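Using the hints provided, position chain Z relative to the given structure of chain H.
Note that the protein sequences, when read in sequence, are chains H and Z. Residue numbers for the first sequence follow the numbering used here, beginning at 49 and rising by one. Residue numbers for the second sequence follow the numbering used here, beginning at 49 and rising by one.
Bear in mind the hints are in silico, worked out from the structure with no lab data behind them. Please note that a few of the clues may not be correct.
Same chains, same names: a pair is fine if it fits in one copy or spans any two.
Claimed, not checked - Derived SDA-like pairs (lysine to any residue); straight-line CA-CA distance at most 25 Å:
no.	residue 1	residue 2
1	Lys-90	Ile-141
2	Lys-90	Ala-133
3	Lys-90	Phe-64
4	Lys-72	Val-142
5	Lys-79	Glu-60
6	Lys-79	Ser-62
7	Lys-72	Glu-140
8	Lys-79	Gly-61
9	Lys-90	Ala-112
10	Lys-79	Pro-117
11	Lys-90	Pro-57
12	Lys-90	Val-54
13	Lys-72	Pro-95
14	Lys-90	Pro-117
15	Lys-79	Val-135
16	Lys-90	Thr-138
17	Lys-90	Glu-121
18	Lys-79	Asp-93
19	Lys-72	Ile-50
20	Lys-90	Ser-143
21	Lys-90	Gly-115
22	Lys-79	Pro-95
23	Lys-72	Ser-58
24	Lys-79	Ser-59
In this text, all values refer to a predicted model and were calculated from it rather than measured experimentally.
Residues per chain, in single letters:
Protein chains: 2
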Amino acid sequence: MIRLSVLYPSSEGSTFDHDYYRDKHVPLAVKSWGLDGAEIDKGIDGPYVAAVHFRFESMEALGAAMGQPGTAEVMADVANYTNIAPVLQTSEIVS
Amino acid sequence: MIRLSVLYPSSEGSTFDHDYYRDKHVPLAVKSWGLDGAEIDKGIDGPYVAAVHFRFESMEALGAAMGQPGTAEVMADVANYTNIAPVLQTSEIVS
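One chain only, chain H, in its complex shape:
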């Protein structure tokens, strides 16, 4: 299994609408990529104000999802909730 984590580093002047993220953006991504769900984090302490973790069956499934037409809409929606450029981390789930 592959985990795609999208991490939003906080900085001076950064904004993030957690409600929009939970209610609109992540559901859009989940639907676009045909996933069962995702795990959303709201930062309490540390470098990131928010994060989401998606699971894919394989790197091939992740690549296929990213190549779908809906991905452009997901990316365009980012400006609706934050001015932060997210950090992407792709990992193999070891256990």
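Frame of chain H, contents of chain Z only:
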């Protein structure tokens, strides 16, 4: 629910023993803190070579775990698998 993510940024000259991490270190942390388990990531692409995600019932439970005597042993064990100073992220699990 609270997620404590421990993230290991890769850099020039950094080392990380994924086998030791999976087989020795994370089980030691899980046992020391009385958790059911943890999720381990092996980095494929992005800034982090490895990560682990622990779940706690509350910030109080996280604080209590960190204050346990076994935590010193967990911290001392880090030198056995990496020379990386990890990044700590504490978050509320929104969904």
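Any of the earlier hints contradicted here, and which numbers?
Of the numbered hints, 5, 6, 8, 14, 22 and 24 do not hold.
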